[in-house]
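K.L.:
Listed below are the residues making up each chain.
2 protein chains.
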Amino acid sequence: MDPPATPALVIDGTTVVQNLNRMADYADSHDLDLRPHTKTHKSLQLADLQLGAGAVGLTVAKVGEAEVMSEVCQDVLVAYPAIDPARTARLAHLAKHITLRVAVDSIEGAKQIAAAANRAKTTIGILVDLDVGMGRTGLQTPGEALKLAAMVDRSPGLRLDGLLFYPGHIQCPPAEQEPALAEVSRKLSDALELWAEHGLEARVISGGSTPTAFQSHLVADLTEIRPGTYIYNDMNGVHGGFCTLEDCAATIICTVVSTAVPGQVVLDAGTKTFTSDRCGPAPDSGHGYIVEYPDAVINKLTEEHGQVDVRKCSRVPKLGERVTVIPNHVCPCINLQTAVWLRDEDGTLVELPIDARGLVI
Amino acid sequence: MDPPATPALVIDGTTVVQNLNRMADYADSHDLDLRPHTKTHKSLQLADLQLGAGAVGLTVAKVGEAEVMSEVCQDVLVAYPAIDPARTARLAHLAKHITLRVAVDSIEGAKQIAAAANRAKTTIGILVDLDVGMGRTGLQTPGEALKLAAMVDRSPGLRLDGLLFYPGHIQCPPAEQEPALAEVSRKLSDALELWAEHGLEARVISGGSTPTAFQSHLVADLTEIRPGTYIYNDMNGVHGGFCTLEDCAATIICTVVSTAVPGQVVLDAGTKTFTSDRCGPAPDSGHGYIVEYPDAVINKLTEEHGQVDVRKCSRVPKLGERVTVIPNHVCPCINLQTAVWLRDEDGTLVELPIDARGLVI
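Line order of the protein sequences matches chains A and B.
Residues in the first sequence are numbered from -9 upward in steps of one, following our numbering.
Residues in the second sequence are numbered from -9 upward in steps of one, following our numbering.
A few of these clues could be false.
Treat identical chains as interchangeable: a pair holds within one or across any two.
BS3-like cross-link-like pairs, simulated, lysine-lysine; straight-line CA separation at most 25 Å [what the hints assert, rightly or not]:
| # | residue 1 | residue 2 |
| --- | --- | --- |
| 1 | K137 | K86 |
| 2 | K302 | K137 |
| 3 | K302 | K111 |
| 4 | K137 | K308 |
| 5 | K302 | K290 |
| 6 | K101 | K308 |
| 7 | K86 | K308 |
| 8 | K137 | K290 |
Worth flagging that the hints you see were computed from the coordinates, not collected in a lab.
So here's chain A without its partners, still in its complex pose (with noise of 0.2 Å):
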């Protein structure tokens, strides 16, 4: 069954399903906590099915995002500084109904996370962010990271739950992370020494990215991992040898709409399909992979063309045809979707929602 009208961003469920258990048997394997970052699918029928494959909980980075997903889950961990009024009062008041962890790496967030949670007579759980070299967010010493930790401790409303932290900087092929997840590990022990010192307990250590999934358990103390675009896959994760092209179960079929300039054929899907992301491993490969043209380069992107350079192809798309396109980065293209296609073993595409797509804060 086809899409009736493209650029259709079509998932097939067979490989999210083989993709979600894949997961699951890892974490379950090494004993880990898995917390899936639903920032990728923002689909609460996909979140469902991470949690009858195990999960424990679900990650969001947004408090709009904690909402939705509290309709399907019970325990919500938003990887995100919850600095501002706005965030912090409706995190409040969505702690009252589920378990709510957030991650913070200032005393001012935590004060502020405190003061909405008393408002609202709640408790709000914390993890202390940490950076381990990623350096986004997060405390940079392990003497910083005791402070917040002692701070949080002694707060009412607040509740230390333990240490969080993201290793988005290494995005390295699995077999060549060893030293970068160990530096990670001796980063992690410091800190958590310290707190032993002091009294403190870490009873949750969360990490992992997709990239690092299937590697966490270098990583000593690790007790949960957060993984997001596992559930789809892309063309970053093919480059950079996280997953293979048969993984990716995500894809943007588009219609050839244009071939009136020598050389190339223009499908209709742009920027506002594809997003600008470029490949992180392979800046130069373009836009996208199309499946049924592997020598097809997606090589410029306007809000609505796709322009495919098709002059190294053995053969080329005609004009009207329709073209398979496995994204860059999978997570943003979702998220300019109000719905997408979901894709039955029987091969019936069914309408799927993006529930959490379009929130504020």
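Guided by the hints, dock chain B onto chain A, whose structure is given.
P.N.:
Chain B alone, transformed into the frame defined by chain A:
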């Protein structure tokens, strides 16, 4: 009045009116029809404002956008090759109710539109798309354009209205555009001469982007311009010399959510707010311009984080502080929002729905 939560996309109504009036006055003074491209705002309310400020009709890229805009406008141009039965059927249905024109760059495309128009017992106006140097869509030679025009002219269901081009390759400052626009004029003249020799008339000659808009009088034979971005403007325009910072009507209010990494602050907006679009004329200028901190550089985006290098700032934004960012490319930023805020003259913020966001075809 401040938006209740961030990231918040705020449109300044006063600046919008100035931008619309300036373009309307220019078009009027040069006897050019103004048919704004609505891909930038995707809003019925702003389309209505453009029509009130003298626009003769509207331009869209998608069939769904044409359907939405037909609520306020009886004269819509689809500046996009409408290949695919899903597109042509809906276009033909729409053409029964409003004046509809479509850009075409292939005999096959024209045939598909004719078939749909005949099935719906209606007529669709055709503009033959001529490539004047952009190399995206459009016929390459006057001979090809003639062939398509002749075929359209004798096809029941189609009405040959004229020529369309998009000078998107001209990105130099207006004062330097004259040679490139003279080249465009030559290509148009060659095509029109051939049409005239064969008794074919082009009542409409439609061109004009925001960068070239105010130099459109340099294009001989032009009857209509289709700027889109001019309603809001953005850093592409500022760095390209097409507008000033004061002409930028759309800003994104962000909150500083982390200051944990030295020399850096993190905004609560990443690629899911700003997109990954680099600034065309200044690709190393970062992912937008922070009005309050002109020396800060938004140097890295992930999905929900904007990492800002503040090492060159004499003062540094504090944790929890709100800042105002002008994006590199406003059109895809609007497309990420379900609704934005419109600031009235008195500072009041009113929610503005993005009516034509998230449509498939």
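K.L.:
Against each hint, give a clear statement of whether it holds in the structure.
P.N.:
Taking the hints in turn, this is what the structure says about them:
For the identical chains of this complex, K137 and K86 are neighbours neither inside a copy (27 Å) nor across copies (70 Å), given an alpha-carbon limit of 25 Å. For the identical chains of this complex, K302 and K137 are neighbours neither inside a copy (59 Å) nor across copies (29 Å), given an alpha-carbon limit of 25 Å. Taking CA atoms no more than 25 Å apart as the test, K302 paired with K111 passes in neither setting, with 65 Å inside one copy and 43 Å between copies. Proximity of K137 to K308 under the C-alpha cut-off of 25 Å is restricted to the inter-copy arrangement: shortest distance 20 Å between copies versus 64 Å within a copy.
When the C-alpha separation of K302 and K290 is checked against a cutoff of 25 Å, the pair qualifies only within one copy, where the shortest distance is 16 Å, while the shortest distance between copies is 34 Å. Proximity of K101 and K308 under a CA criterion of 25 Å is satisfied inter-copy only: 15 Å between copies versus 61 Å inside one chain copy. For a Cα distance limit of 25 Å, the shortest separation of K86 from K308 qualifies neither inside one copy, at 57 Å, nor across copies, at 30 Å. In this assembly of identical chains, K137 and K290 lie within 25 Å of each other by CA distance neither inside one copy nor across copies; the values are 49 Å within and 28 Å between.
Of the numbered hints stated above, those contradicted by the structure are hints 1, 2, 3, 7 and 8, listed in ascending order.
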